[in-house]
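Generate the whole structure from the sequences, applying the supplied hints.
Order-wise, the sequence lines are chains A and B.
If you read the first sequence in the numbering used here, its first letter stands for residue 648, the second for the next number, and so on.
If you read the second sequence in the numbering used here, its first letter stands for residue 648, the second for the next number, and so on.
A few of these clues could be false.
Which copy is meant is left open, because identical chains are indistinguishable; a pair holds if it fits in one copy or across any two.
Unchecked claim - Below, in silico cross-link-like pairs of lysine-lysine (DSSO-like), each with a Cα-Cα straight-line distance of 27 Å or less:
(1) 815 - 849
(2) 854 - 780
(3) 784 - 815
(4) 849 - 780
(5) 673 - 849
(6) 674 - 854
(7) 667 - 849
(8) 784 - 667
(9) 843 - 780
(10) 815 - 780
Hints are computed from structural coordinates only; laboratory data are not their basis.
Residues per chain, in single letters:
2 protein chains.
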Amino acid sequence: MATIPSQQILDSLNWRYATKVFDPEKKITDEDWSALEESLVLTPSSFGLQPWEFIIVENPEIREQLVEFSWNQRQVADASHLLIIAIRTDIDESWVDQFVGRIEEIRGDQGSFTGYRDMMAGFITNLDEEGRKQWAKQQTYIALGQFMTCAALMEIDACPMEGFVPAKYDEILGLTERNLTASVLCPAGYRADEDKYAQLPKVRFSKDQMISRI
Amino acid sequence: MATIPSQQILDSLNWRYATKVFDPEKKITDEDWSALEESLVLTPSSFGLQPWEFIIVENPEIREQLVEFSWNQRQVADASHLLIIAIRTDIDESWVDQFVGRIEEIRGDQGSFTGYRDMMAGFITNLDEEGRKQWAKQQTYIALGQFMTCAALMEIDACPMEGFVPAKYDEILGLTERNLTASVLCPAGYRADEDKYAQLPKVRFSKDQMISRI
Numbered sequence: 648m649a650t651i652p653s654q655q656i657l658d659s660l661n662w663r664y665a666t667k668v669f670d671p672e673k674k675i676t677d678e679d680w681s682a683l684e685e686s687l688v689l690t691p692s693s694f695g696l697q698p699w700e701f702i703i704v705e706n707p708e709i710r711e712q713l714v715e716f717s718w719n720q721r722q723v724a725d726a727s728h729l730l731i732i733a734i735r736t737d738i739d740e741s742w743v744d745q746f747v748g749r750i751e752e753i754r755g756d757q758g759s760f761t762g763y764r765d766m767m768a769g770f771i772t773n774l775d776e777e778g779r780k781q782w783a784k785q786q787t788y789i790a791l792g793q794f795m796t797c798a799a800l801m802e803i804d805a806c807p808m809e810g811f812v813p814a815k816y817d818e819i820l821g822l823t824e825r826n827l828t829a830s831v832l833c834p835a836g837y838r839a840d841e842d843k844y845a846q847l848p849k850v851r852f853s854k855d856q857m858i859s860r861i
Numbered sequence: 648m649a650t651i652p653s654q655q656i657l658d659s660l661n662w663r664y665a666t667k668v669f670d671p672e673k674k675i676t677d678e679d680w681s682a683l684e685e686s687l688v689l690t691p692s693s694f695g696l697q698p699w700e701f702i703i704v705e706n707p708e709i710r711e712q713l714v715e716f717s718w719n720q721r722q723v724a725d726a727s728h729l730l731i732i733a734i735r736t737d738i739d740e741s742w743v744d745q746f747v748g749r750i751e752e753i754r755g756d757q758g759s760f761t762g763y764r765d766m767m768a769g770f771i772t773n774l775d776e777e778g779r780k781q782w783a784k785q786q787t788y789i790a791l792g793q794f795m796t797c798a799a800l801m802e803i804d805a806c807p808m809e810g811f812v813p814a815k816y817d818e819i820l821g822l823t824e825r826n827l828t829a830s831v832l833c834p835a836g837y838r839a840d841e842d843k844y845a846q847l848p849k850v851r852f853s854k855d856q857m858i859s860r861i
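Below, the structure written as structure tokens:
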């Protein structure tokens, strides 16, 4: 495998920003988008349980409808692609069993997974409903982080968004009846020339303040 | 900026795995580690508020001491570097003001940031203590996701870990009195030859199951 020079990675991370205005005419190619979907599927998660679903909203009318419930931020309608990262609200022992079934399917017979299965089931059943939701929601932010990083490396713009009304998203997208709820959004595409935020220097606290050594 | 081919990114994501056994003799170079620290500092966060601190535990005795409070997982002692991502427990209006001060410092005088400041302060003060903690914790998982992705691209192994006792970590590392609490860990370094998990095929649900279109 070819290692990517660290400076190239840092250049990408410095290049990216939360895109405020997308060019509605510029579309991500099918090949690039397919790779980004693959990167989402490859996201690591707690125990590997993947308590999520990635929803791509392609319907332009529905995307327009969502603007109102996104603090009127037009990115959800204008970006090339709209990704909704949703959490599953039905994670329980049967989901653990589905996952164990998938391990067996991919890795074949390597003896029993009973111990691993019981550890995961114990972890899940020890959490109350709110605890499971928080745990799952945290995992979706790993997916968000990985997605934004991969997009930046491919020189694709993205805008992470927490500012939306989950209940309206769930209703409009029919998520509730599928035991899903919207966790976080990430429109992706290409910045418009008029987005003045693209030119502003990135603001981060200093490395000295953010990193400590013990 | 050079775009990185998507296949190279996917190769890295397929190469990575949650490393169970690190080779204690193999160290990440100072140059590579410095780049990874820089990638942490560059992590995007809600409003850009960076409600975190990244702690690198270098002291080998302390790292040994932490093993017991990490479900006896030796990665925290054996990996080249041990990263603790902590959340700040004192995020309030004064942190918002610090951030606004930092914006002014970096971007210079561009008129008033009062509206943006008040929006952020309103967001924070509307959350109760537990709500702020959850919000901050979610942000740390973006950092975790970005860190793991960057490490993989540099062919550096990592192991995300939620299985530890935060109260003991906070006590041993003196985090509580600094208004910090450990959120998630990520030892990083190089896999040992004997780590049998390195050879196993990655288990993910299928793209068809994980991704839906509306």
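Now the hints, each set against the structure:
1. In the homo-oligomer, the alpha carbons of residue 815 and residue 849 never lie at most 27 Å apart, since the shortest distance is 32 Å inside one protomer and 36 Å across protomers.
2. For a Cα distance limit of 27 Å, the shortest separation of residue 854 from residue 780 across copies, 23 Å, qualifies, whereas the shortest one inside one copy, 33 Å, does not.
3. Proximity of residue 784 to residue 815 under the C-alpha cut-off of 27 Å is found in both arrangements, the shortest distances being 18 Å within a copy and 25 Å between copies.
4. In the homo-oligomer, the alpha carbons of residue 849 and residue 780 lie at most 27 Å apart only across protomers (25 Å), although the nearest pairing inside one protomer, at 32 Å, exceeds that limit.
5. Taking the closest pair of Cα atoms, residue 673 and residue 849 come within 27 Å of each other only inside a single copy of the chain (24 Å); across copies the shortest separation is 34 Å, beyond that limit.
6. In this assembly of identical chains, residue 674 and residue 854 lie within 27 Å of each other by CA distance solely across copies; the values are 22 Å between and 36 Å within a copy.
7. Only within a single protomer do residue 667 and residue 849 lie at most 27 Å apart by alpha-carbon distance; the minimum there is 14 Å, versus 36 Å between protomers.
8. When the C-alpha separation of residue 784 and residue 667 is checked against a cutoff of 27 Å, the pair qualifies both within a copy, at 24 Å, and between copies, at 25 Å.
9. In the homo-oligomer, the alpha carbons of residue 843 and residue 780 never lie at most 27 Å apart, since the shortest distance is 37 Å inside one protomer and 32 Å across protomers.
10. For a Cα distance limit of 27 Å, the shortest separation of residue 815 from residue 780 qualifies both inside one copy, at 18 Å, and across copies, at 25 Å.
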